[in-house]
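Participant: Residue strings, one per chain:
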Amino acid sequence: MQFDQILQYVLSGLSTGAIYALIGIGFSIIYNATGIINFAQGEFVMLGGLLTLSCLELLKLPLWAAIPCAIAVSTVVGILFERLAIRPLKQPTPINLVIITIGGSILIRGLAMLVWGKDTHAIPPFSGDTPIAIGGATILPQHLWILAITLIIILINKVYFYHTISGKAMRACSYNRRAAGLVGIDVRRMVLFSFIISSAMGAVAGIIVAPLTMIAYDVGVMLGLKGFCAAIIGGMSSGVSTVIGGLILGVLESLGAGLISSGYKDAIAFIILLLILFIRPQGLFGKADSERV
Amino acid sequence: MLRLKNINTYYGKVHALKNVSLHLGEGEIVTLIGANGAGKTTILNTISGVTPASAGEILFCKETVTALQPDKVVQRGISQVPEGRQVFKPLSVEDNLELGAYLRYRSREGKASIHKDMDKVFTLFPRLEERRKQLAGTMSGGEQQMLAIGRALMANPKMLLLDEPSMGLAPLVVQEIFRVLERLRQENGTTILLVEQNAKAALKLADRGYVLETGKVILEGPADELLENAEVKRAYLGKDKKEIWER
Numbered sequence: 001m002q003f004d005q006i007l008q009y010v011l012s013g014l015s016t017g018a019i020y021a022l023i024g025i026g027f028s029i030i031y032n033a034t035g036i037i038n039f040a041q042g043e044f045v046m047l048g049g050l051l052t053l054s055c056l057e058l059l060k061l062p063l064w065a066a067i068p069c070a071i072a073v074s075t076v077v078g079i080l081f082e083r084l085a086i087r088p089l090k091q092p093t094p095i096n097l098v099i100i101t102i103g104g105s106i107l108i109r110g111l112a113m114l115v116w117g118k119d120t121h122a123i124p125p126f127s128g129d130t131p132i133a134i135g136g137a138t139i140l141p142q143h144l145w146i147l148a149i150t151l152i153i154i155l156i157n158k159v160y161f162y163h164t165i166s167g168k169a170m171r172a173c174s175y176n177r178r179a180a181g182l183v184g185i186d187v188r189r190m191v192l193f194s195f196i197i198s199s200a201m202g203a204v205a206g207i208i209v210a211p212l213t214m215i216a217y218d219v220g221v222m223l224g225l226k227g228f229c230a231a232i233i234g235g236m237s238s239g240v241s242t243v244i245g246g247l248i249l250g251v252l253e254s255l256g257a258g259l260i261s262s263g264y265k266d267a268i269a270f271i272i273l274l275l276i277l278f279i280r281p282q283g284l285f286g287k288a289d290s291e292r293v
Numbered sequence: 294m295l296r297l298k299n300i301n302t303y304y305g306k307v308h309a310l311k312n313v314s315l316h317l318g319e320g321e322i323v324t325l326i327g328a329n330g331a332g333k334t335t336i337l338n339t340i341s342g343v344t345p346a347s348a349g350e351i352l353f354c355k356e357t358v359t360a361l362q363p364d365k366v367v368q369r370g371i372s373q374v375p376e377g378r379q380v381f382k383p384l385s386v387e388d389n390l391e392l393g394a395y396l397r398y399r400s401r402e403g404k405a406s407i408h409k410d411m412d413k414v415f416t417l418f419p420r421l422e423e424r425r426k427q428l429a430g431t432m433s434g435g436e437q438q439m440l441a442i443g444r445a446l447m448a449n450p451k452m453l454l455l456d457e458p459s460m461g462l463a464p465l466v467v468q469e470i471f472r473v474l475e476r477l478r479q480e481n482g483t484t485i486l487l488v489e490q491n492a493k494a495a496l497k498l499a500d501r502g503y504v505l506e507t508g509k510v511i512l513e514g515p516a517d518e519l520l521e522n523a524e525v526k527r528a529y530l531g532k533d534k535k536e537i538w539e540r
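Protein chains in written order, with this note's numbering: chain B, 1 to 293; chain A, 294 to 540.
If you are wondering where the hints come from, they were derived from the structure by calculation, not from laboratory data.
Careful: at least some of the hints might be erroneous.
To be verified - Pairs of lysine-lysine residues, derived as PhoX-like cross-links and limited to a Cα-Cα distance of at most 25 Å, are as follows:
#1 A:Lys509 <-> A:Lys355
#2 A:Lys382 <-> B:Lys158
#3 A:Lys298 <-> A:Lys311
#4 A:Lys526 <-> A:Lys509
#5 A:Lys497 <-> A:Lys451
#6 B:Lys90 <-> A:Lys306
#7 A:Lys382 <-> A:Lys404
#8 A:Lys298 <-> A:Lys382
#9 B:Lys265 <-> B:Lys118
#10 A:Lys409 <-> B:Lys90
#11 A:Lys365 <-> A:Lys409
#12 A:Lys355 <-> B:Lys158
#13 A:Lys382 <-> A:Lys355
#14 B:Lys158 <-> A:Lys497
#15 A:Lys451 <-> A:Lys355
Said to hold, decoys possible - One side of the interface only, derived from the structure: several residues of chain A facing chain B at Cβ under 10 Å:
#16 Lys409
#17 Asp410
#18 Lys413
All figures in this text were calculated on a predicted structure; none of them were measured in a lab.
The C-beta atom is built at its ideal place from N, Cα and C for all residues, glycine as well.
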């Protein structure tokens with residue numbers, strides 16, 4: 001009995017963890033390309049979910065059409081954000097950028113509240129809600145969707161960053177911006193690119209999680225912070241370590257909520273965040289930052 | 294081919310280049326010598342668009358390149374090999390070279406011609422071919438320097454700017470690198486602007502030289518004349534002061 005219960009917590013933890021991983025990778029991609037921690041990342045998650053809702057209910061689109069539509073609109077918001085808030089900055093010091101992204105997130109959230117109101121909304125699951133039994137635990141089809149879509153996105157990312165010239169150029173920008181400019185890479189274009197990829201990924205995360213957790217104008221705050229936490233555990237890598245970071249966070253959160261008390265669910269994430277920042281600021285798997293001389 | 298007219302550049306409030314004018318003819322090797330902080334690196338970075346000039350004009354092949362972003366400068370045919378190599382350490386040798394040809398990939402140039410150029414780089418530096426899958430950061434300083442030059446060559450530049458290629462390298466490696474520069478000029482007619490601490494080696498390789506002091510050109514002339522110049526000898530070639538005075 002006990003084992004079944006734990007299996008249940010782990011399984012549902014893995015699917016929430018996958019969401020955190022997607023959001024975390026969004027953080028990392030922008031951070032690596034620009035050095036910015038984009039605190040508006042969570043808002044794209046919210047936009048993905050709510051825009052899908054509008055496409056379904058107002059435009060009466062079928063789900064398969066509503067999803068790309070919502071991703072496209074969120075990406076446009078991401079582009080506008082980079083163009084209007086990040087690029088014009090005369091003195092892009094880290095503190096200015098952080099404050100701008102926080103300001104941007106408050107603005108997007110406020111606008112979302114005006115558009116969609118303060119109610120919590122639900123999106124229908126992608127393929128019904130008949131539970132599937134695994135061992136002694138049960139999961140919903142939506143959990144499988146989440147895991148599968150996350151896996152696909154991570155694979156696409158991998159191919160992009162390691163096997164295309166544009167992806168390699170983006171990595172080059174993160175390793176050495178000046179040298180990237182000197183080989184002819186348009187660094188500003190790469191920054192814009194990183195915002196496009198991240199906002200699209202955030203939107204996807206919001207869309208696949210919405211059927212499970214409901215969606216409202218303010219979900220971006222908490223999801224964003226959890227994603228940030230995943231990225232910190234992963235040492236701000238845009239690869240596997242952030243995925244593992246997200247999964248660890250999701251599972252611990254779910255175990256903690258189930259075995260201790262669900263009241264501590266969010267606290268667990270932030271205790272982990274603080275511990276990592278205090279003890280291993282380079283991330284769980286990162287090497288200390290000594291080789292970059 | 295390249296002409297700088299009265300260039301002034303500031304680093305914040307520091308006036309780093311004061312009315313610098315210089316020129317390079319096609320196929321020439323020209324060296325800039327001077328002490329630390331004289332503005333040698335700043336000249337290269339101003340040409341490359343990293344620290345844009347606040348006044349003055351830069352002409353390349355009769356077109357102005359003064360206020361261009363770094364990537365646009367590369368597009369016009371000027372590639373810089375930056376100080377301290379600046380290779381992409383976590384990427385493989387091959388990836389570094391591929392990124393050198395980034396603009397050619399973007400302009401949909403066929404892979405075949407890019408790979409042919411990569412093979413050319415490998416004939417210049419056979420050691421890079423042995424290490425093509427190795428991560429750039431794990432190689433020795435000399436090999437990283439070869440990679441940095443190879444990466445710049447992958448853009449197929451008309452002109453190469455080199456910033457202290459000999460820094461921190463063993464004399465034998467420096468010789469090898471300087472031989473390659475000579476070969477580039479002979480085989481491809483590449484124009485080279487070379488910044489060096491090692492003034493003697495640079496002047497032996499170069500056709501002409503400029504001597505910089507605190508952001509100004511104080512002396513210019515054919516390299517062999519500069520090698521014999523008493524002031525240059527005293528300040529940059531490490532000849533004993535006394536020896537010159539006693540003459």
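Participant: Are the hints correct? Go through all of them and say.
Facilitator: Here's how the hints hold up against the structure:
1. A:Lys509 <-> A:Lys355: Holds. A:Lys509 to A:Lys355 sits at ~24 Å (cutoff 25 Å).
2. A:Lys382 <-> B:Lys158: Given that 25 Å is the threshold and the Cα spacing comes to 19 Å, the pair holds.
3. A:Lys298 <-> A:Lys311: holds, 11 Å
4. A:Lys526 <-> A:Lys509: OK: A:Lys526 and A:Lys509 at ~19 Å, within 25 Å.
5. A:Lys497 <-> A:Lys451: Distance of about 22 Å is within 25 Å: holds.
6. B:Lys90 <-> A:Lys306: Answer holds: B:Lys90 to A:Lys306 is near 17 Å, not above 25 Å.
7. A:Lys382 <-> A:Lys404: holds, 24 Å
8. A:Lys298 <-> A:Lys382: Violated, at roughly 36 Å.
9. B:Lys265 <-> B:Lys118: holds, 23 Å
10. A:Lys409 <-> B:Lys90: At roughly 42 Å apart (the allowed maximum being 25 Å), B:Lys90 and A:Lys409 break the hint.
11. A:Lys365 <-> A:Lys409: holds, 24 Å
12. A:Lys355 <-> B:Lys158: violated, 44 Å
13. A:Lys382 <-> A:Lys355: The given pair, whose Cα atoms are some 36 Å apart, is violated under the 25 Å limit.
14. B:Lys158 <-> A:Lys497: violated, 48 Å
15. A:Lys451 <-> A:Lys355: holds, 14 Å
16. Lys409: With a minimum Cβ separation of about 17 Å from chain B (threshold 10 Å), the hint on A:Lys409 is violated.
17. Asp410: Nearest chain B Cβ about 14 Å off; hint violated.
18. Lys413: violated, 17 Å
Consistency with the previously given hints fails for numbers 8, 10, 12, 13, 14, 16, 17 and 18, ordered from lowest to highest.
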